[in-house]
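Asker: Taken in order, these protein sequences are the chains called P and G.
Just so you know, we're using this note's numbering here: the first sequence kicks off at 1 and counts up by one.
Just so you know, we're using this note's numbering here: the second sequence kicks off at 1 and counts up by one.
Treat the hints with care, since some could be wrong.
What the hints assert, rightly or not - Output of the computed footprint for chain G on chain P, the stretches with three or more beta carbons under 8 angstroms from beta carbons of chain G:
#, segment
1, 214-226
2, 242-253
3, 324-338
These are computed hints drawn from the structure, not numbers from a lab.
Owing to the predicted nature of the structure, the values given are computational and were not obtained by experimental measurement.
Beta carbons: idealized from backbone N, C-alpha and C, even for Gly.
There are 2 protein chains.
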Amino acid sequence: MEITIDGAGKMIHCGRTGYRPAWDQLLGLRLDRRMLVGAALAACFGASTVRAQPDPLPSWNEGTAKKSITDFVARVTTPGAPDFVPVDHRIATFDNDGTLWSEQPVYFQVQFAFDRIKALAPQHPEWRTRQPFKALLERDIKAMAALGEKGLLPIIAATHAGMTIEEFEKTVTDWIATARHPRFDRPYTDLVYQPMLELLAYMRGNGFRTFIVSGGGIEFMRPWTEKAYGIPPEQVVGSSGVTRWHMGPDGTPVLLKEAKIDFVDDGPGKPVGINRFIGRRPVFAFGNSDGDQQMLEWTAGGSGARFMGLVHHTDVEREWAYDRTSPVGRLDKAWDEAVRRGWLVVDMKRDWKVIYPFEK
Amino acid sequence: MEITIDGAGKMIHCGRTGYRPAWDQLLGLRLDRRMLVGAALAACFGASTVRAQPDPLPSWNEGTAKKSITDFVARVTTPGAPDFVPVDHRIATFDNDGTLWSEQPVYFQVQFAFDRIKALAPQHPEWRTRQPFKALLERDIKAMAALGEKGLLPIIAATHAGMTIEEFEKTVTDWIATARHPRFDRPYTDLVYQPMLELLAYMRGNGFRTFIVSGGGIEFMRPWTEKAYGIPPEQVVGSSGVTRWHMGPDGTPVLLKEAKIDFVDDGPGKPVGINRFIGRRPVFAFGNSDGDQQMLEWTAGGSGARFMGLVHHTDVEREWAYDRTSPVGRLDKAWDEAVRRGWLVVDMKRDWKVIYPFEK
Numbered sequence: 001m002e003i004t005i006d007g008a009g010k011m012i013h014c015g016r017t018g019y020r021p022a023w024d025q026l027l028g029l030r031l032d033r034r035m036l037v038g039a040a041l042a043a044c045f046g047a048s049t050v051r052a053q054p055d056p057l058p059s060w061n062e063g064t065a066k067k068s069i070t071d072f073v074a075r076v077t078t079p080g081a082p083d084f085v086p087v088d089h090r091i092a093t094f095d096n097d098g099t100l101w102s103e104q105p106v107y108f109q110v111q112f113a114f115d116r117i118k119a120l121a122p123q124h125p126e127w128r129t130r131q132p133f134k135a136l137l138e139r140d141i142k143a144m145a146a147l148g149e150k151g152l153l154p155i156i157a158a159t160h161a162g163m164t165i166e167e168f169e170k171t172v173t174d175w176i177a178t179a180r181h182p183r184f185d186r187p188y189t190d191l192v193y194q195p196m197l198e199l200l201a202y203m204r205g206n207g208f209r210t211f212i213v214s215g216g217g218i219e220f221m222r223p224w225t226e227k228a229y230g231i232p233p234e235q236v237v238g239s240s241g242v243t244r245w246h247m248g249p250d251g252t253p254v255l256l257k258e259a260k261i262d263f264v265d266d267g268p269g270k271p272v273g274i275n276r277f278i279g280r281r282p283v284f285a286f287g288n289s290d291g292d293q294q295m296l297e298w299t300a301g302g303s304g305a306r307f308m309g310l311v312h313h314t315d316v317e318r319e320w321a322y323d324r325t326s327p328v329g330r331l332d333k334a335w336d337e338a339v340r341r342g343w344l345v346v347d348m349k350r351d352w353k354v355i356y357p358f359e360k
Numbered sequence: 001m002e003i004t005i006d007g008a009g010k011m012i013h014c015g016r017t018g019y020r021p022a023w024d025q026l027l028g029l030r031l032d033r034r035m036l037v038g039a040a041l042a043a044c045f046g047a048s049t050v051r052a053q054p055d056p057l058p059s060w061n062e063g064t065a066k067k068s069i070t071d072f073v074a075r076v077t078t079p080g081a082p083d084f085v086p087v088d089h090r091i092a093t094f095d096n097d098g099t100l101w102s103e104q105p106v107y108f109q110v111q112f113a114f115d116r117i118k119a120l121a122p123q124h125p126e127w128r129t130r131q132p133f134k135a136l137l138e139r140d141i142k143a144m145a146a147l148g149e150k151g152l153l154p155i156i157a158a159t160h161a162g163m164t165i166e167e168f169e170k171t172v173t174d175w176i177a178t179a180r181h182p183r184f185d186r187p188y189t190d191l192v193y194q195p196m197l198e199l200l201a202y203m204r205g206n207g208f209r210t211f212i213v214s215g216g217g218i219e220f221m222r223p224w225t226e227k228a229y230g231i232p233p234e235q236v237v238g239s240s241g242v243t244r245w246h247m248g249p250d251g252t253p254v255l256l257k258e259a260k261i262d263f264v265d266d267g268p269g270k271p272v273g274i275n276r277f278i279g280r281r282p283v284f285a286f287g288n289s290d291g292d293q294q295m296l297e298w299t300a301g302g303s304g305a306r307f308m309g310l311v312h313h314t315d316v317e318r319e320w321a322y323d324r325t326s327p328v329g330r331l332d333k334a335w336d337e338a339v340r341r342g343w344l345v346v347d348m349k350r351d352w353k354v355i356y357p358f359e360k
């Protein structure tokens with residue numbers, strides 16, 4: 001019998017389950033009745049904590065990657081150890097695209113935008129002759145590539161703005177419920193990484209608060225991250241557009257999404273977003289691409305023990321294999337830095353027993 | 001014996017203490033072993049939950065204000081009740097200045113800026129002849145008033161920018177530790193409201209996550225809100241300046257505070273900030289001035305049971321008395337709306353047994 005407590009306060013786990021007891025977390029809390037709590041919990045649950053603990057990361061193969069994670073967590077959660085980190089400071093940040101779920105052949109939010117354009121096209125006959133809509137509706141990949149990122153902005157504006165936040169949330173929720181990934185013919189949220197789900201739960205079981213820090217849209221992620229990852233809306237940091245308060249004529253206020261970028265949570269924007277939203281430097285951070293480099297550098301720059309990890313996509317059979325030259329999720333400079341500084345680089349093919357939950 | 005669990009995951013309380021057991025919270029959690037948890041906890045702690053519960057809001061006088069709060073909390077936390085709100089959605093937001101601590105004779109952050117100018121003046125001889133510094137250093141109240149809010153911006157720039165976030169944090173921490181309020185000759189954090197501390201703890205004990213949503217600077221509040229209110233940095237929403245990522249020549253990155261406003265979390269900015277940072281509409285919101293009106297309107301605009309409250313400063317003896325004409329914390333339009341819509345208006349003098357913790 002054991003207890004684990006989610007750092008986000010979202011789950012209390014008390015049963016014959018997978019994680020090691022977070023005694024240090026319980027005892028490290030600033031309670032006026034600390035001893036009483038410790039004694040009560042020990043009396044309730046202590047008797048059977050001596051039983052062998054099941055593996056908290058069963059989808060990770062034994063090896064350096066897994067061991068470096070569990071060793072780190074043991075170091076920072078052992079009371080009295082030199083690297084002990086109090087519960088309040090146990091912040092873990094995770095990139096989303098390519099780190100917690102797949103991102104090929106295009107970022108899933110881009111696919112969402114494309115699907116929305118197709119759905120909205122009947123109401124917009126003018127799109128048939130206007131770029132970038134024309135290229136998209138005609139599936140003219142060459143023309144789309146020629147437009148570049150800036151050329152695609154009208155697609156973001158047409159699909160992510162000009163509506164209330166609730167209307168946008170509904171389009172996301174509907175898409176997540178119905179859209180299917182072309183390669184796997186499954187909902188996109190089936191393409192989350194089982195080893196990372198285990199890692200998120202393992203970190204929370206050890207007193208960490210787990211945050212997403214993604215270049216993706218904050219309002220695109222929040223409708224489904226709690227169900228998919230156990231991460232509530234307030235622990236999702238992402239890019240955002242401007243929203244505007246508007247008081248309706250009936251006295252009902254709305255927040256309107258405008259076609260104007262407010263904050264890009266990518267590259268150097270990630271530490272800025274972490275500081276803005278979380279207000280504490282992470283102790284543990286995981287990414288997979290050059291867009292995560294500054295988040296890892298910011299994490300590494302703190303005093304005391306820190307953990308920096310990258311997912312390297314090496315499994316063309318079960319997922320995808322890409323790195324230095326990929327237009328999506330490029331891993332080049334951050335990889336070199338990780339090797340140079342001894343950060344963990346997970347080799348998906350070698351280190352992960354399964355990729356997706358449905359493989360189990 | 002009973003258990004209360006802070007919604008922020010910051011505190012686990014297990015002892016013969018003040019709050020009612022948050023059974024609904026425990027049982028409402030989406031656990032795969034829900035029943036086991038319920039049974040285990042009941043076995044551990046259930047036997048003595050029948051004892052009379054001490055008053056969770058002892059500094060509130062009996063009356064409409066107190067009753068409206070406890071009635072609301074009972075309605076939204078009783079499983080099966082028509083107004084039941086799941087734990088995930090129990091978001092409570094609180095303004096800071098004038099709602100959780102005092103704000104007279106000037107917002108405490110303004111006093112902080114003034115004190116910093118005085119401390120920095122020896123390094124800036126040019127300030128002796130340059131406005132607005134000259135007026136401030138000569139305590140020329142008339143000249144300062146004439147400068148207006150915009151005229152004071154150089155003071156904010158000189159005290160809140162041009163340094164790393166850690167350097168700024170240190171100036172705040174040092175000031176909070178040493179500065180004393182002129183009227184009470186006590187640290188500013190002694191001037192938090194005891195009834196609101198009890199309310200924060202009561203809400204958390206009932207499964208709410210408590211957030212500050214303040215017009216004050218986010219980085220001015222975060223260094224001390226956890227200790228003062230039990231609210232961790234990531235649950236503080238506030239105004240902010242632009243921060244910029246900078247990689248130092250030695251490979252150590254810093255975040256620099258720039259003299260440029262990024263976001264003003266006041267008035268219509270409050271619902272925008274709530275949406276940006278929290279991503280869920282509050283069920284419960286408390287403010288004290290016209291700057292909180294839109295936060296309360298946004299809270300009221302949600303479906304289901306909602307609670308909106310205002311603190312009315314009516315106690316010139318123990319605190320201050322001000323409302324419609326005060327330059328600080330003006331309460332005018334929001335008051336009218338509260339009366340019209342039946343929101344709670346707390347009369348400090350009548351409803352609060354004590355104002356500050358040191359009165360006890």
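Asker: Work down the list of hints and note, for each, if the structure agrees.
Answerer: Each hint tested on the structure:
Residues of the segment 214-226 of chain P with a Cβ under 8 angstroms from some Cβ of chain G number 4, which satisfies the need for three, so the listed coverage holds. Counting residues of the segment 242-253 of chain P whose CB lies closer than 8 angstroms to any CB of chain G gives 6, so the stated coverage by that chain holds, three being the minimum. Given a C-beta distance limit of less than 8 angstroms, the hint that chain G covers the segment 324-338 of chain P is violated, as 0 residues qualify and 3 are needed.
The structure is inconsistent with hint 3 alone, although it conforms to all the rest.
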